[in-house]
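**Q** Residues per chain, in single letters:
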Amino acid sequence: MCIGIPMQIVEQREYSALCRGRNGEEMIETLMIGPQPVGTWVLKHLGMARSVISEEEARRIDDALDAVEALARGDADVDIDGLFPDLTQPDRRPGGW
Amino acid sequence: MSQEPSKGGIEGRLFIRVKHSGEGSAAVTIHSTRPLSTPRIFTGKTPRQVVSTLPLLYSVCGTAQGCAAAEALEQAMGEPAHPEIVRARRAVVWAEIAREHLWRIELDWSGYLGTAPRKTTLAAAADFMRQFKKGLFPNDDIFEPGGGGLNETPDEALAQIDELENLLRRDIFLESPENWLALGTEGQLDYWASSGASSAAGMLKRVAEDGLSGLGQAEVSSLPLLPIDELEDRFRATDAEAFIEQPTWQGNAMETTAYTRQIEHPLLRNLGRRYGNGLKPRLTARLIEIAKIPGRLRSAIQEGESLEDPTAGCGSLVPGTGISQLEASRGRLIHRVELDEGVVRRYRILAPTEWNFHRRGILVRALSAIESQSIEALRRKTDLLISAIDPCVGYSLEIG
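As you go down the protein sequences, you meet chains V and H in turn.
The opening residue of the first sequence carries number 4 in my numbering; numbering runs sequentially from there.
The opening residue of the second sequence carries number 1108 in my numbering; numbering runs sequentially from there.
Hints may contain errors.
[To be verified] Here are the computed distance ranges between Cβ atoms for each label pair:
| hint | chain 1 | residue 1 | chain 2 | residue 2 | range |
| --- | --- | --- | --- | --- | --- |
| 1 | H | Asp1247 | V | Arg16 | 28 to 38 angstroms |
| 2 | V | Pro40 | H | Ala1223 | 20 to 30 angstroms |
| 3 | V | Pro40 | H | Gln1480 | 42 to 52 angstroms |
| 4 | H | Ser1302 | V | Arg16 | 28 to 38 angstroms |
| 5 | H | Arg1452 | V | Gly77 | 14 to 24 angstroms |
[To be verified] Computed far set for chain V versus chain H, every beta-carbon distance over 12 angstroms:
| hint | residue |
| --- | --- |
| 6 | Glu14 |
| 7 | Leu21 |
| 8 | Met35 |
Because the hints were derived from the structure by calculation, they are not lab data.
Heads up, the beta-carbon is just placed ideally off N, CA and C, and yes, glycines get one too.
Please put together the full structure from these sequences, using the hints given.
**A** Rendered as structure tokens:
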């Protein structure tokens, strides 16, 4: 289901970039996001970088993907709890239009 | 961590095999390695933990996924969000649908035409979606269970709808989307496409010239809005996993796409008389859908009109359980959650690709009767149909 993979740009070319991610290095198209500095994190889907993401977002997605892979392997010891941040809950109220 | 190319890695992959008889396609099989058990990682998590991680994980349609999650969880908690929040969330989902359609038109259609996709269009589509969402939910808390903080004023969101309308006028329709929607006959559509001055116009023109307007006609019913009680039964049944993997409704494979959403539009009905649900009506449906989005978003924000009726698609039949269904870019997205003492006991997601790429579904049937003496031409036609039906994972195609 629509899973995107975080990748970090190692070398930017004209319309593509050599990127490194959880599955190693690969060339991905960067047409949709334009040229980006080396070190930028992007989200890859269907061989294309779809968006620029923060390092923190990349880490959180990779953590969740680690949990998915661990469960798929049947690894009962995976620390899924460590992958879910406890969030503070500010007061929310609907605004009005 | 090593990828498994034969399985498509963690993203999963569709493996489509078409047997060529010499005169065309003879037999079609489809096999998916999509990881459908992924939602198991949410077991034992709180609703807030789920909505903070799920949209990141399913980031491609992240807004639709996050919205479906928030609504299913709210139903399970017995605390539906304020109707204004629901309406605003659904508006952002439709903004995401606009972005996805624009990207597919610019990437896939220009790819078929052999022209370069316009980078400015791709970037503008992404920018619209981002800014529109920020305009409604400035604190980036759209999926907050119970409802995030809506902007006090819709001005920024309305300005972004104007931007989308300008983008569609400039790069897709070459006239206002509203005017384009007045086209009612094939002749009018062909006259519009004859300039070939955008990827959209060029694609419709080329498909007609190549004799592919009726490509892939097949009999498959449209997925209706599913009654919550019947859905709940399916999710509680012992074969629920099999239902998610190969879903059918009343024993039939069903289609859920932009085409089935727009099937009642007069222009599509006209095209349908000649081409059924073939390629030209399918491509046109995507254009009709995206042309309608600015007006629908404006009505939702200014006049409080619902983009969809969430009360019909979402609910809770058993305390602690919740179901949501909504329209995402590639079709109907369904989430079902069971809570136990405030944490998730079971989480299930049924995505549109499972219906459309079912082994007896629309793609397989559309591919089953393609005339083509050469393997190369058969491959080209097959690729066209796959991208028109639009899976949310990559695919490998084997013809021989």
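**Q** Each hint should be assessed against the structure and marked as holding or not.
**A** Here is what the structure says about each hint:
At about 32 angstroms, the beta-carbon gap between aspartate 1247 of chain H and arginine 16 of chain V stays in the expected band of 28 to 38 angstroms. At roughly 23 angstroms, the beta carbons of proline 40 of chain V and alanine 1223 of chain H sit within the given window of 20 to 30 angstroms. Take proline 40 of chain V and glutamine 1480 of chain H: their Cβ atoms lie about 50 angstroms apart, and the range 42 to 52 angstroms holds. The hinted window of 28 to 38 angstroms between serine 1302 of chain H and arginine 16 of chain V holds, with their beta carbons roughly 34 angstroms apart.
Take arginine 1452 of chain H and glycine 77 of chain V: their Cβ atoms lie about 20 angstroms apart, and the range 14 to 24 angstroms holds. A cut-off of 12 angstroms between C-beta atoms confirms that glutamate 14 of chain V is not in contact with chain H; the least separation is 20 angstroms. Separation of leucine 21 of chain V from chain H is adequate, the least Cβ-Cβ distance of about 16 angstroms exceeding the 12 angstroms criterion. A Cβ of chain H approaches the Cβ of methionine 35 of chain V within 12 angstroms, the least distance being about 5 angstroms, so the stated non-interface status is violated.
This entry does not satisfy hint 8, going by the numbered hints stated previously; all others are met.
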